[in-house]
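Undergrad: Keeping the supplied structure of chain A fixed, place chain B upon it in accordance with the hints.
Those sequence lines, one after another, are chains A and B. The opening residue of the first sequence carries number 1 in this note's numbering; numbering runs sequentially from there. The opening residue of the second sequence carries number 1 in this note's numbering; numbering runs sequentially from there.
To be clear, the hints were calculated from the coordinates, so they are not data collected in a lab. On a predicted model such as this, the values are computed, not experimentally measured, just so you know. One or more of the hints may lead you astray.
Note that identical chains are pooled: a pair holds if it fits in a single copy or bridges any two copies.
Dumping the calculated PhoX-like pairs for lysine-lysine here, alpha-carbon to alpha-carbon at most 25 angstroms [what the hints assert, rightly or not]:
1. Lys76 with Lys57
2. Lys367 with Lys196
3. Lys370 with Lys102
4. Lys249 with Lys319
Number of protein chains: 2
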Amino acid sequence: MQRLKGFREFFPEPLPPGEEWSCDLRQHIFDCWRTTARRYGFREYDGPPVEPLDLYKAKSGDEIVSQLFNFQDKGKDEVSLRPEMTPTVARMIAAAERAYRKPIKWFSMPQLFRYEAPQKGRLREHFQLNCDLYGEEDPAADAEVVALLIDVLRSLGLTEEDFVVRLSSRKAWQAFYETQGGKPEHAYDFFQAVDKMERDDAETIAKRLAPTGVTPESVKSFIEAGIPTVELQGILDNLSARGLGSFVKVDYGVIRGLAYYTGVVFEAFDRKGEFRAIAGGGRYDNLVGLLSGGKVKMPALGFGMGDVVLALLLRKRGKVPSFASTVDVVVLIEDETLRPESLGLVQRLRESGRAVDYSLTPMKSDKQFKRALELGASHWARLERGAEGAQVRVKNLKTRAEQVGPVDSVLTFL
Amino acid sequence: MQRLKGFREFFPEPLPPGEEWSCDLRQHIFDCWRTTARRYGFREYDGPPVEPLDLYKAKSGDEIVSQLFNFQDKGKDEVSLRPEMTPTVARMIAAAERAYRKPIKWFSMPQLFRYEAPQKGRLREHFQLNCDLYGEEDPAADAEVVALLIDVLRSLGLTEEDFVVRLSSRKAWQAFYETQGGKPEHAYDFFQAVDKMERDDAETIAKRLAPTGVTPESVKSFIEAGIPTVELQGILDNLSARGLGSFVKVDYGVIRGLAYYTGVVFEAFDRKGEFRAIAGGGRYDNLVGLLSGGKVKMPALGFGMGDVVLALLLRKRGKVPSFASTVDVVVLIEDETLRPESLGLVQRLRESGRAVDYSLTPMKSDKQFKRALELGASHWARLERGAEGAQVRVKNLKTRAEQVGPVDSVLTFL
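Next up, chain A with everything else stripped away, as it sits in the complex (with noise of 0.2 angstroms):
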């Protein structure tokens, strides 16, 4: 009855022995997503997490389904645990479009699925902030999308010395290739030959290639020369007037392997090299129409970053902050005759908002003050008997410095 395999259980910190997912940490990169794209104007949205398994062959064809989490459900339907949010969010455009104003910016956070063999440390789930941007065709958008990539990496507290986002654009690329003279039939080849090519060896790019009549020479001077077309130009222009040019560069080894991207791609890379992509995406203005069979169209842009990578990234570069404090004020109740009341004063300070614990049960004193230490409790308080009746005494642990008064004053103490 373990938890099955590529499965994630995630525990509060500290983390117990052998355990490396932290719901704390979790939480914060959720915290920082959400903010951030609520900041850029994106609007929260979510889907099932399981669908017709026909979703996923219609946008990327039936060899995408041995990578898919999908079964036969007891109504005998073929469906699928979502590997992505794309068809979804784009079926959801598509029926729902009318209602909202243009350019419509959307995102989600769902957790993924795929069924793969099972190896060290490969996953069968994540979660992944989606950002997507519906009905605008200008670069503007792009650069928007792009710089609230840039901006959720910032909010967690990444530099432009921990990452950088490589710009390219499959237009550039269909028209480098046309100039090579490349034929349409082999034009998807193409891209995943140059998808590829960072990890193939040369004999590997060489054959892969030769189909398309393109030589690995060319394709090699097209990168290295990496000169931006119009269209990126104006979008490295857009965010260096953000401040944020120095975040992003045009490389055009990046092509992105999907079939449905249909202009500007990116992925935000680490700078060291260390890690998979940290986040990739770009326009897609065919997928709208091609999932609503031809109903709506709709230009769209967007991107996925995944929390796996973004963990070991925040971990290994120091990033990650502490949550050794999960309780701002301990009510110490060391006579056992003012529980009644010290309930009431835990209860007053919860109202206030503020985190409190207390002992459950009499517990001795000195082990309540460490109890108060350990949740890292910015201050204790505590029901004294005055010759008036009942007082609080509240004591700033990092200062040290202790209040006393009447229990109507504690939030004045805090």
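TA: Only chain B this time, still in chain A's reference frame:
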């Protein structure tokens, strides 16, 4: 390629025609759940949404399978989408409890699944707040968990006029059952019969109770008398000390169907009785032992609160806040030669934490202004060319006050 039956899509507000599930309301509920649980010192965890089928059989017997969203995965393993969180968290606790000081107070907000014949309004998934406390058998723990349940609902704007927690006790029922001469082998059937009494007609009740030897009359008298046990009275007193006494009442009509409860049980209902239970829970002191094969013994209790009844109740009682304002500031770009500087202004405002929108492409001035109103912005900001270079004008859309000054002073105008 429509979404599967019984699954929801969550849209940003205002909702498109025909859609009823708001991602904004969902996030509002999630925020209140998380914030209140943290105020009580509860820590967040999560587990896999897919689990071995045996995990649920071990806890609930083979008959549970008919209700599960279970299937055979590609590796021929029998698995299930999680129908509840308790087996997962009990396993996590059993494996990792030594790393945590007791009592362990944990919460989670999983999406849960079941497979039932599709009916109108019958969902196959929902989200559920799960709060559990491990390692404390004193009724003070029960009071703490019930107080949390009450404060979660209060954080959503519900009052003692909207809901009540009905408090009961398996131990009280067990004692009653024994005084009535009920035999141990029929105890489970007896609890099941009592659990269904509020729905069943007199004939069915009599039929269900017959094998147990307890009469419907004696059961009804016991419920009507409603005399608190010493334990329940202690919990009532504890809640009264917090000022929460009016949110709870002893009601032995609640007994909870699940087999694994061992002590106090409770359910929260709307006072008008229009909806099914809002939340329910109780003490389950033997489950961690059962799921750990007897290796770890750990008293435990907790509750679950679903998002579906809650969202319906909040709407019906007018407790849903407005989600009309989605940005703080709209930057107007009326002079296109100022667009680069305006992008810098957008960036500066976003970096200050504001949600900011602007027109990605040239747009007539009055349209941009209209858009600012539609987005519910509190201010607009606009760059203008002054005699000494660019300056910024900021308008408060509520007070209609305008301020003009150097671009660097923009944050002081908000």
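Undergrad: Can you tell me if Lys249 and Lys319 fall within 25 angstroms by alpha carbon in one copy, between copies, both or neither?
TA: The answer is within: 24 angstroms in one copy meets 25 angstroms, while 49 angstroms across copies does not.
Undergrad: Go through the copies and call it for Lys370 and Lys102: within, between, both or neither, with a Cα cutoff of 25 angstroms.
TA: This pair counts as between: shortest inter-copy Cα distance 14 angstroms, intra-copy 56 angstroms.
Undergrad: Classify it for me, Lys367 with Lys196: is the Cα-Cα distance of at most 25 angstroms met within a copy, between copies, both or neither?
TA: Neither, since 60 angstroms and 46 angstroms both go past 25 angstroms.
Undergrad: If the cutoff is 25 angstroms on CA atoms, where do Lys76 and Lys57 land: within, between, both or neither? Let me know, please.
TA: both (18 angstroms within a copy, 23 angstroms between copies)
Violated hint: 2 only; the structure is consistent with all others.
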